[in-house]
Each structure stands twice: as C-alpha cells, then as structure tokens.
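Q: Using the sequences and the hints given, assemble the complete structure.
Number of protein chains: 2
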Amino acid sequence: MAPRPDADPTDAAAGADPESAPDSDLDALATDYGSLAAELDARGAVGFVAVGDRFDDDLRYLTRFSGPDRAYAFVFAAGEATLCAPALFDDQARREFPGGTVRTADQGAPAGVRAAAALDARGVDGGTLLVPQGIPHDAAVRLENAGFDLESTAAVREARRVKADAELDRLRRVQRAALRGVARAEAILAAGEADGDRVTWNGGPLSTERLRRQVNGVLAAHGVRDAGNTVVGCGPTAADLHFTGLDAVRPGETVLLDVSPRGPDGYYGDVTRTFAVDSGGGWERRAYVAVEAAREAALDELAAGVPASTVHEEAAAELAAHGFRVDGADRGFVHSTGHGVGVSLHEAPSLSTSGSDELEAGNVVTVEPGVYDPETGGVRLEDLAVVTDDGYELLGEYPRSLVPHDRG
Amino acid sequence: MAPRPDADPTDAAAGADPESAPDSDLDALATDYGSLAAELDARGAVGFVAVGDRFDDDLRYLTRFSGPDRAYAFVFAAGEATLCAPALFDDQARREFPGGTVRTADQGAPAGVRAAAALDARGVDGGTLLVPQGIPHDAAVRLENAGFDLESTAAVREARRVKADAELDRLRRVQRAALRGVARAEAILAAGEADGDRVTWNGGPLSTERLRRQVNGVLAAHGVRDAGNTVVGCGPTAADLHFTGLDAVRPGETVLLDVSPRGPDGYYGDVTRTFAVDSGGGWERRAYVAVEAAREAALDELAAGVPASTVHEEAAAELAAHGFRVDGADRGFVHSTGHGVGVSLHEAPSLSTSGSDELEAGNVVTVEPGVYDPETGGVRLEDLAVVTDDGYELLGEYPRSLVPHDRG
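Top line first, the protein sequences correspond to chains A and B.
Okay, so the first sequence: first residue is 1 according to the working numbering, each after it adds one.
Okay, so the second sequence: first residue is 1001 according to the working numbering, each after it adds one.
Hints should not be assumed to be uniformly reliable.
[What the hints assert, rightly or not] What follows is a list of derived Cβ distance ranges for each label pair:
1) Pro1374(B) with Leu26(A): 24 to 32 Å
2) Ser401(A) with Gly1034(B): 50 to 58 Å
3) Pro1399(B) with Ala105(A): 39 to 47 Å
4) Ala1317(B) with Asp106(A): 47 to 55 Å
5) Glu1080(B) with Glu360(A): 31 to 39 Å
6) Gly1100(B) with Ala87(A): 43 to 51 Å
7) Gly1034(B) with Glu158(A): 12 to 20 Å
8) Pro1307(B) with Ala87(A): 20 to 28 Å
9) Ser401(A) with Asp1357(B): 52 to 60 Å
10) Asp106(A) with Pro1374(B): 35 to 43 Å
11) Gly1280(B) with Gly126(A): 53 to 61 Å
[Claimed, not checked] Anything over 12 Å on all C-beta distances counts as not near chain B; from chain A, calculated:
12) Ala30
13) Asp41
14) Ala87
15) Asp106
16) Ala117
17) Asp138
18) Ala139
19) Asp169
20) Glu193
21) Val224
22) Pro236
23) Thr388
24) Asp389
25) Glu393
26) Asp406
27) Arg407
[To be verified] Derived contacts from chain B toward chain A, CB cut-off under 8 Å, selection only:
28) Asp1032
29) Tyr1033
30) Ser1035
31) Leu1088
32) Asp1091
33) Thr1128
34) Asp1138
35) Ala1187
36) Gly1217
37) Asp1240
38) His1242
39) Gly1245
40) Leu1246
Hint data in this document are derived by calculation from the structure and do not stem from the laboratory.
Ideal placement from N, C-alpha and C gives every residue a C-beta, glycine not left out.
A: See below:
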C-alpha cells in the first residue's frame, strides 16, 4: 500500500496573497552604474564587459535580466549600458534591463564577439577593458583578439555590498517566506510524537525529506523557490553543514533547518533554527544556550564602522566561554559568523577572522553562530540583518526555542 | 480583507511517496571518465581541468558534487580523477564524488592554483592541458603560469549526450513530478469559470502566478524544485516564450504551461501543455491541430542515425502545411523543435536547422513544436523522449487536449 500523502503545506501559508507576484508591486530595481563609471575613470579604462549566463550573479545585478542558460554579455562604455541578449529573449530583456540599450544584432555569435561589436558601436575599439576575474576564458581571448588589454576589477562585487531600499524590500519579502517555511517545519515537529527511536507525524515516521518537502511547499505557495538550499539534518547529519539528503528524525536529537530561498527578482533569504523533539536536555541544551549567547554578542557588535572580524571574534569568544572549541577542528564552532546576502546567497562582507573590512550601513548579513559534534548533532541559529549607522535591523523576526511550538 | 489562501497543491500530489527521497533508492550515478582519457590520448595532452561553482553543469556531471556557490576544481590526469573541494564540504564531497580522490589541502587558495597542485601531486607539471572553453579566465591564467599550455575541449559536452540507465531513471522521475504539476494546473483550469473578461477559481480571479504557485507546490511535494523555470502565460504572454510574470487568465485565450523542474541529482524534466478555458474555437483551435500534427511528424522521425535537422524540418513542414509561418519572424514557428536535456535544461543535441549531428541511441530530447501570434497567444506541446535504435520512448506520457480536464 502506498503511504498516504502528507498534509497541505499551504496550511502554514495562510496570508500568502495569491495575487501578489513577481515583485511587480515593489519599486523598480535600478542598478547604479556610477561606481562602474568611477572605476573606469580611476583606472584609465575605456569600458567594462561581463559575460555569463543566468547563473552569474554579477550579471543578474548589472542587468536584472533573468536570461537564458547560455552566455550573454553586458557592456558599459562611454557612459552607456548595453545588454547583448539572444533574439528569442528580446521582449524579456527590454522589460527587465534598466540600462540604455538591448542589442540582439549578431545573435548566435559568441558573447565575447558580441561584446566587442557593442563596444565598437560606441566608438571604442581598443585600450584597457575591465572585466570580472572569472569572465569565461574564451570571451576574454576574443576581447583580446579584438584589440583590448584586459584587467580585472572587483567593482561590481563591491557595488553590491550596500543595498538600496528597493533591494531591502525584496530581501524582506523573501525572508518572510523563509520564516513561514520554518514555521511549517516547527509546527510539524511540535505535532511529532516519539515512538521508540523514531519521531512519527501524520501517521508515519518523520524524515528530513518529508520536512524539506513541506517547507518547500510553503515557499512555493509564497512565490519563492527553494533553490536547492533547504538544509534539514537530524543528529549527526545536523553536524554536516549542508545536508540535503534523507535521514530519520529521532527523538532527543537536534533537527537543524537552514532555509535559503530565492525570490523572483533574484534576492535570497536565509534563516536557520534548531529544534529537538523530546529533548533530554543534554548536549543540545548546553549548545543552544551557548549559541543564543553568541548570537546576542554578535548582533550587539553590528553597526557601521565596526570591523567585520570583530563580530566574528565576539561570537567565538562567547562560544569559547561556554566551553565549546572555536579552533576550526571538526567540532565546536567550525565556520564563520556570517556572510553578506543579496543576489548571491554568499557575498561580501564576510563576518570572519579574515573579514578586515569595516561594516557599512546597508550591508545585509547573516548572523549564524553554531556548534557541532559529528557524533551527536548541531545547533545553529541564523538571522538576517541590515547594518545601520548605529546598529542593525533584523529583516524578519522569528522566535527561538529548542522545544518546537505550533506558532499558528 | 486579505484574499483567502489557495487550496492545497498536494491534492494533486497523491502518490507522492513521502519517504522516497534524494534518489538514494536508485542505482548510483557514475561518471565514465573513459571518454576524457581517450581525448587526452588523441590530443597528446597531460590532463584535463574544469573549474566552476555549483551552477556549472559540466562540473556537476564530472563530480556529482552539489558543491558551494564559489569556485572549485576537477582534475583528471594519469588515469585518476580528483575533486579539489572546500574543507567545509569535505564529507559531502566524499559522499557524492565517484572519482578517486577528494583533496581539501590548499583550501582557500584560488581554484586554478589548487588544480595545478593536484596535477603536481600526480607528477604532472607541464605540457598541454585540456579545459572547457568557458573555464574562468583567472583559473586559465594561473594554470598557464604554472607551466601548462591550454587547449579547449568539448569532450565533456559530447560525453553528456548519451545517457546511461541510471541517468534515465532520474530523468523519468523528475519528468513524472513535472507531469503531476501540469495535472494540477489542468485541474484548476477545468474548475475555472469564465466571469466577464476573467477566469475565476477558488473564489477569486485566476492569474498566471496563482497557477505557478500551485504547480510549484506539487513539484515541492514530489521532492523536485521548480528551478525558476515554471513558465505560465495567457494570450499574448503565452507568445512570450519564457514568461514568468503576472498576468490574468482570460476566457478563450491560450494558457501555456512549460514546467522544467530539477531533481535532487541535478537532472531536469521538461513538459509543455496548452489549454483554453471556454475556447471559442478560433486561432487556438487551428494552432492546436497544427502543433499536434507537427509533434507527430517530429516524433515519427526520432531514431538513432537520423540527422537532428530532419526532425526539425519535418515539424516545420507540417506547420507550414497548416498555414503557419516558419521563417523565423515574430509569429508562427519561431524556435527549434527541441533540445537535449540532462544535468542542463538545454544541452546537445539540438533539433534545429543547424543540428547536423545524427541522433544516437540514449540521446534525451524535447520535442516541442509551437506557434505564436504576439497579439493572440501561443500553443506549444512538449514531451521528453529518449532516442532508441529504431525509434524512441517517451519519458512519461500526458494526455493532450485544448479543453482542460480534471485528470484526478
């Protein structure tokens, strides 16, 4: 007999507005090319070229184009931004690209050739061209063959660090969906019952995969996608930082949920909560108290002007004070305290020992201390915050409790 | 007052087995490095290197590693495959990588540097190195600086064309989920009611976004992800080939659903159906008859040894015979007849005029003729087929009807 299907993931999606949609009700996303223009001036360069496909996040930021899975090009020169798009995506490119020109001439030619033609159309046919360091090698070679000297620039990655209001709107919205996903999983765990060495729910044994499908169903109901990032682990697999496989949910063990969906305009959310069904109050209780204290210590440091490494050091000091290792071994606090979030799930700034940059107002970062024991489990708590001049604002709030509750 | 939430997308998910999961019950995915070894021999090269992140599909195929969103490297030399993975992903890399060696030494160094070190560890420190043409430029430069001459190879893309049984199992499974998603949308359209210039369902006006969320909820319930590819258009937006925005569903207009989810092991599904609520039997009826005939004509050609272009030409001839333009203007049949599907949604072979390659047994291709009128709508029917020695096998079957039905 086939197992019966699980209950409605949209039970938890009450409030999802079926008519609200691809962020079309929010202020339009612009991209300020001013920092590119300034970089060209400073470096004595004639233009900037990026080449990639829909999975290239710099290109998504520069063009807002949710293009195809083959290479296209963005060109900035003589104060003008140009998108070289496939002809079959012409309408979509014109709808999405905030820059000046969509070129579909030469489509079918390699993206590097098309970029050189777009430069030529602006009267630029030689000199220093700035490119991201990871530009596809074939495109780089074609640009060199067209007479340009290439130098790499991190200007786009830098420009992405500080978020505009329209970006914050999107980050808040996708984070709200992520929090609803966590609420669904927490409600399931609250209803779960210990039965020997398994937790059962809805008439059958509960697994990380059943939880994941329920969370992802809620994300879908809110118009965002799970993006392959819905991490659910239990016990030892909760100590495996990116576990997306199948495991049983067992009583007394930590259930770690890390939910990082992507919204329709490309911005990510990111939240982690940890629960235990029928906790005996051992390792996981001590770990939870320590991680909550580290979270508080890290958040207390967030403000414009603070070195990113300071945030990490404060979190690590708190975990060490609670008796957990912070030396990068395979147990204790094994990762950094956080990372920037935008059109990439992981971007600048990094809240880590090597994060020597100062935080700026408008940085959006995760704060996610955690401790792990490969034999026992893992506890991580993660929130998303925007840095302000004198502190921070959480992008969405969600309660913390090792014991799961139905938050209704 | 907030609109009430939409009904349970898992109504249509009956049969989704909550315990079946990340394809762990299927035969393990191997990757045959034999074609790489043969290419090295034929070209007199000492090794092969690929560098990319989790969004690089060649790398996914070579490593089976669902790695991080930053660059890592794959190296094949001296008959051995090596994955240079981030230390934080060590467990995951060892679990997923079917090759010989996972290296986490030098982690933190640029991927190109790590690849050169892995080559050196195999006693390879100079000579011709084969790389994909789109290898990141910085990695290419670092390999050149380490003493290698780079030449590009399409060997990986070529190796991916013919699917092994374990790959077909995954393609069938993700396609089954995609078909359940279409069934959900069709059931909603069957229950939809014409009300003036809108179609209403579940007490409110129906939109492309409500349909998309319902489809994506079903995909989530089946353990696959929508991957941002759930295209739903109505009328003129159905003629916009990749519409993922918000539009009303209107009576008498074509509703086009193109569902291309990705399964846990990275393989895609791809199916399109077109419906109309309360069709008056005009353009859309003629278009539907023509597209069905073109589909039949294209499928009839599928077999090992047939030039890919022949399949396209037969579909185009059928559409032309039905009075539709096939000359690449913005109306009529404006795209190719199909494309390969695997760990990329679009890969070789291409069923198009330029597709001069012969089909091989084990190719998995879409067959998706369609006709469009930018003012009126679009009709497309798409199925996924594996080519066999004497014909083809559909990877999942789904009924065809312009009038939507509840398929229960």
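Q: Next, verify each hint and record whether it holds.
A: For each hint, the structure was consulted:
The given range of 24 to 32 Å is respected by proline 1374(B) and leucine 26(A), whose C-beta atoms sit roughly 27 Å from each other. Evaluation of the 50 to 58 Å hint for serine 401(A) and glycine 1034(B) yields a pass: the beta carbon distance comes to about 54 Å. Here the CB-CB span from proline 1399(B) to alanine 105(A) is close to 42 Å, well matched to the stated 39 to 47 Å. For the pair alanine 1317(B) and aspartate 106(A), the beta carbons lie near 29 Å from each other, so the given range of 47 to 55 Å is not met.
Our hint of 31 to 39 Å for glutamate 1080(B) and glutamate 360(A) is violated, since their Cβ atoms are close to 46 Å apart. Hint check: glycine 1100(B) to alanine 87(A), Cβ distance near 44 Å, so the stated range 43 to 51 Å holds. With their beta carbons about 45 Å apart, glycine 1034(B) and glutamate 158(A) fall outside the hinted range of 12 to 20 Å. Take proline 1307(B) and alanine 87(A): their Cβ atoms lie about 24 Å apart, and the range 20 to 28 Å holds.
The hint said 52 to 60 Å for the Cβ distance between serine 401(A) and aspartate 1357(B), and at roughly 59 Å that hint holds. At roughly 23 Å, the beta-carbon separation of aspartate 106(A) and proline 1374(B) lies outside the given 35 to 43 Å, and the hint is violated. Between glycine 1280(B) and glycine 126(A), the C-beta spacing of about 60 Å keeps the proposed range 53 to 61 Å intact. Every CB of chain B lies more than 12 Å from the CB of alanine 30(A), the least distance being 18 Å, so the non-interface label holds.
Every beta carbon of chain B lies more than 12 Å from that of aspartate 41(A), the smallest distance being close to 24 Å; the non-interface claim holds. The beta carbon of alanine 87(A) sits about 9 Å from the closest Cβ of chain B, which is not more than 12 Å, so the claim that it is off the interface is violated. Every CB of chain B lies more than 12 Å from the CB of aspartate 106(A), the least distance being 15 Å, so the non-interface label holds. Every C-beta of chain B lies more than 12 Å from that of alanine 117(A), the closest at about 19 Å, which supports listing it as non-interface.
Once the 12 Å rule is applied to beta carbons, aspartate 138(A) is inconsistent with being away from chain B; the minimum gap is 4 Å. Against chain B, the non-interface label of alanine 139(A) is violated: not every CB pair exceeds 12 Å, the least being about 8 Å. No Cβ of chain B approaches the Cβ of aspartate 169(A) within 12 Å, the least distance being about 17 Å, so the stated non-interface status holds. The Cβ of glutamate 193(A) sits about 16 Å from the closest Cβ of chain B, beyond the 12 Å cut-off, so the non-interface label holds.
The Cβ of valine 224(A) sits about 9 Å from the closest Cβ of chain B, inside the 12 Å cut-off, so the non-interface label is violated. Residue placement check: proline 236(A) does not keep its beta carbon more than 12 Å from all beta carbons of chain B (closest about 10 Å). Every CB of chain B is more than 12 Å from the CB of threonine 388(A) (nearest about 27 Å), matching its label as outside the interface. Once the 12 Å rule is applied to beta carbons, aspartate 389(A) is consistent with being away from chain B; the minimum gap is 30 Å.
Interface exclusion of glutamate 393(A) from chain B stands, the closest Cβ pair being 25 Å apart, more than 12 Å. The Cβ of aspartate 406(A) sits about 17 Å from the closest Cβ of chain B, beyond the 12 Å cut-off, so the non-interface label holds. Remark: the non-interface label on arginine 407(A) is consistent with the geometry, its nearest Cβ contact in chain B lying 16 Å away (cut-off 12 Å). For aspartate 1032(B), the interface hint is violated, the least distance from its beta-carbon to any beta-carbon of chain A being 24 Å, above 8 Å.
Among the interface hints, the one on tyrosine 1033(B) is violated; its C-beta lies about 22 Å from the nearest C-beta in chain A, farther than the 8 Å criterion. Annotation: interface hint on serine 1035(B) violated; nearest CB of chain A at approximately 21 Å, more than 8 Å. The beta carbon of leucine 1088(B) is positioned within 8 Å of a beta carbon in chain A (closest approach about 6 Å), and the interface hint is therefore held. The beta carbon of aspartate 1091(B) is positioned within 8 Å of a beta carbon in chain A (closest approach about 5 Å), and the interface hint is therefore held.
The criterion of a C-beta within 8 Å of any C-beta in chain A is not met by threonine 1128(B), whose closest approach is roughly 15 Å, and the hint is violated. Satisfaction of the interface hint for aspartate 1138(B) is found here, the shortest Cβ-Cβ separation to chain A being roughly 4 Å, below the 8 Å cut-off. Because the beta carbon of alanine 1187(B) sits about 15 Å from the nearest beta carbon in chain A, more than 8 Å, this interface hint is broken. With a cut of 8 Å, the hint placing glycine 1217(B) at the interface with chain A holds, because the nearest CB-to-CB distance is about 4 Å.
With a least beta-carbon distance of about 5 Å to chain A, the hint placing aspartate 1240(B) at the interface is held under the 8 Å criterion. For histidine 1242(B), the interface hint holds, since its Cβ comes within 8 Å of a Cβ in chain A; the closest pair sits about 6 Å apart. Annotation: interface hint on glycine 1245(B) holds; nearest CB of chain A at approximately 5 Å, less than 8 Å. Interface restraint check: leucine 1246(B) against chain A, minimum CB-CB distance 4 Å, threshold 8 Å, status holds.
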